[in-house]
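*Asks:* Assemble chain B onto chain A, guided by the hints.
Protein sequence lines correspond, in order, to chains A and B.
Letter by letter, the first sequence follows residues 1 to 392 in the numbering used here.
Letter by letter, the second sequence follows residues 1 to 297 in the numbering used here.
No lab work stands behind these hints, which were simulated from the structure alone.
Heads up, a few of these hints could be off.
[As the list claims (entries may be wrong)] Each computed BS3-like pair below joins lysine-lysine, with the alpha-carbon atoms no more than 30 Å apart: (1) 268/A x 92/B; (2) 204/A x 62/B; (3) 79/A x 118/B; (4) 62/B x 242/A; (5) 62/B x 268/A; (6) 97/B x 77/A; (7) 118/B x 88/A.
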Amino acid sequence: MKRIWQATVVAGSFALFASSPTLAQGVVKIGALYPIAGTGAVYGVPAMHGHDMAVEEINAAGGILGRKIVTVARDTKLKPAPSSAAAKELITKENVDVLVGGLSSAVGLAISEVSRLEKVVYVATIPKTIKLTTTKLHPYVFRTASNTDLEGDAMAQLVKQLGVKKLCDIQLDYAYGHDLAAGIEKGLKRHAPNVPKVIDLRSKLGATDYNAVITQILGAGCDGVTSGLWGSHFISFAQQAKPFGLFDRVKYITGGEIGSHEIAGRMKLDYPDNVWSNTYELWYNHHDPSHVAFQKALAKRSGSKETAMWPVLAYIGVKMIAAAAEKAGSLDPDKLAKALEGMTISTPVGSRTIDAKTHQANTGQFWGPMVKKPGVDYRMMDPVKYYPAEIK
Amino acid sequence: MEMLLNNPTFAFLQLMNSISLGMNLFIIAAGLSLIFGVLRVINFAHGAFYMFGAYIVYTVTKLWGGPFWLGVVAAGLGLAVMAIVIERTLLKFLYDKEHLMQLLFTFALVLILGDLAKILWGTDQYSVSYPAALSGATNLGISFFPSYLLFLSAIGPVIMILLWLAIDRTRWGRIVRAATQDREMLSALGVNVTVVYTSVFAAGAFLAGIGGALAAPRVAVVPGMDATIIVECFIIVIVGGLGSLWGTFWGALFLGFVTQFGTVLVPNWQDVLAYLLLMVVLLIRPWGLFGRPEGEH
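Bound conformation, chain A alone (with noise of 0.2 Å):
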């Protein structure tokens, strides 16, 4: 009985097999690395419905090189270890011609380490660290993110137009925060060299107390918060702050995303005043006259017409990668990578081009004051002004 059993299931794995894309001809497989399940969930799920989308976009218009794009998609659990692991089956065992993805710089720098290794491409949809396309570079990794120092150097004008004289600066101590205050040192030479940062704060990632932070930010006498605290810790943070009147004494300028509808759709009402953040696309500004269509069709996908910030990120990837491969005529990892090198497509937030030497986009981002507003209960950002990815 028990060689029956083995039998059965050896010819249903052969089966399988051979019916399964790695073997089939004619398709090109992405491996997508996002948080899908769990904490990272929230951010996993809306990026791969901005992946989805690209997929589906591409191969109803014939796909990659006449071939159609089939993507298998890997849960990260915003983890270093799995991700690098996951990222290794990809390559090994479903054979991905690309990986794209990666949520937390972390993440991000696990992924990457793989993808040096293995010669594959990586397009880096979302980490932020300055070290991907620096010291850590090589020649396969790519970002369409936008970087720490870009974000440090639009906070640095931000402390400078919001006249702050006394500066705080807190942030999560992993490599995001840690890169994050490096790239707002930077720009605070270039824009504010006379604005004295008094006081460095930690928090560990993943906290969830902060009153010993608020009450030193407090206790500095600061009139001007920095921050890169992104996600649930901004939201903690906020409000544990409030009945410390912190937000009534600070202006809190903070990168991470935290002008993403996503934390204002989430906190309501809760959200504090004197926020001055950042996001990649609002779904009610139409920066790029492509956006309405993109809007639109995310709306649907999503069943919400306020969308998430995160579609886009991963949305961009998957074209770029589709943009690259069409003009190398081959998915052949060094061919791949010298064509993403110098590489242009315009987006739904305006035009993307790969710089051939860092290997990163110029990718910039929204800013402004989070407001409230008329007939809605979430903050919008008003005025939205575009920081482009340039450092003068």
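*Replies:* Relative to chain A, chain B alone:
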């Protein structure tokens, strides 16, 4: 360091922060200490009880729109009921077994309850708002301080006194104290020890439940919060002395101060500071600052 010396307002705020954190921790750790004192069971699942308390208050306030205080009561009672079920159907079979079996059992509970929480509430991070009456700040003369944190600082001593009264001044308390000394003798004297054990386990879980519910607005409700708190509780009861109520009280205050002032004085060592101090206590007074050495009961 400089800021603490030069800025009395800041030093005061840190002091108040330490007390409110310490008192919140006390409520939770008191339950762990109580259960150990009587049942001689080290309840690893105490952190999970705390987490359920936080999820219950979230459910009552955010999902059902109920008042915060109702959520706190529901968390306490809900956990007490859960504890009675666990004690009556499972734990009672393990009292006569070796300690390892009990440890493994409560550890299994941690895993089961952790997964149950994920099934019931998902893995997203939730926040619970401060109760309306305490959402502002109170003027303490030196500075304003969040009313809710002030309330936490006050509720700790209240619970301490109530517990002390219950254990030192009531018949139930006398029996509980007797149970820590000699359960066979107590049983021979005609006391229903089973009921004592069940009630103590339920009371411990009740404290974990309201501790979690009261902590929810101060921090955030998130999977994994059980692991953090159980480590903190162990530090508290080991420093204070396992089974000693006063020890737990001072141990909790101690950890509150170490955590809050550690982030200011030694920001890079903040994570290990509590463990270092724990090691020192274990080396010098392994029975804790307020406990008594084994055999001196």
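*Asks:* The structure should be examined with respect to each hint, and the outcome stated for every one.
*Replies:* Now for the hints, and whether the structure bears them out:
As the CA atoms of residue 268/A and residue 92/B are separated by approximately 48 Å, the hinted pair breaks the 30 Å bound. Between the alpha carbons of residue 204/A and residue 62/B the distance comes to roughly 27 Å, so the proposed pair stays at or under 30 Å and holds. For the hint linking residue 79/A to residue 118/B, the alpha-carbon distance of about 19 Å falls within 30 Å, and the restraint holds. About 19 Å separates the Cα atoms of residue 62/B and residue 242/A, which keeps this hinted pair within 30 Å; it holds.
In summary, the hint linking residue 62/B to residue 268/A is supported, as the alpha carbons are separated by about 14 Å, within the 30 Å threshold. At most 30 Å may separate the alpha-carbon atoms for a hinted pair to count; residue 97/B and residue 77/A exceed this at roughly 39 Å. Distance restraint check for residue 118/B and residue 88/A: the Cα-Cα separation of roughly 29 Å lies within the 30 Å cut-off, and the hinted pair is therefore satisfied.
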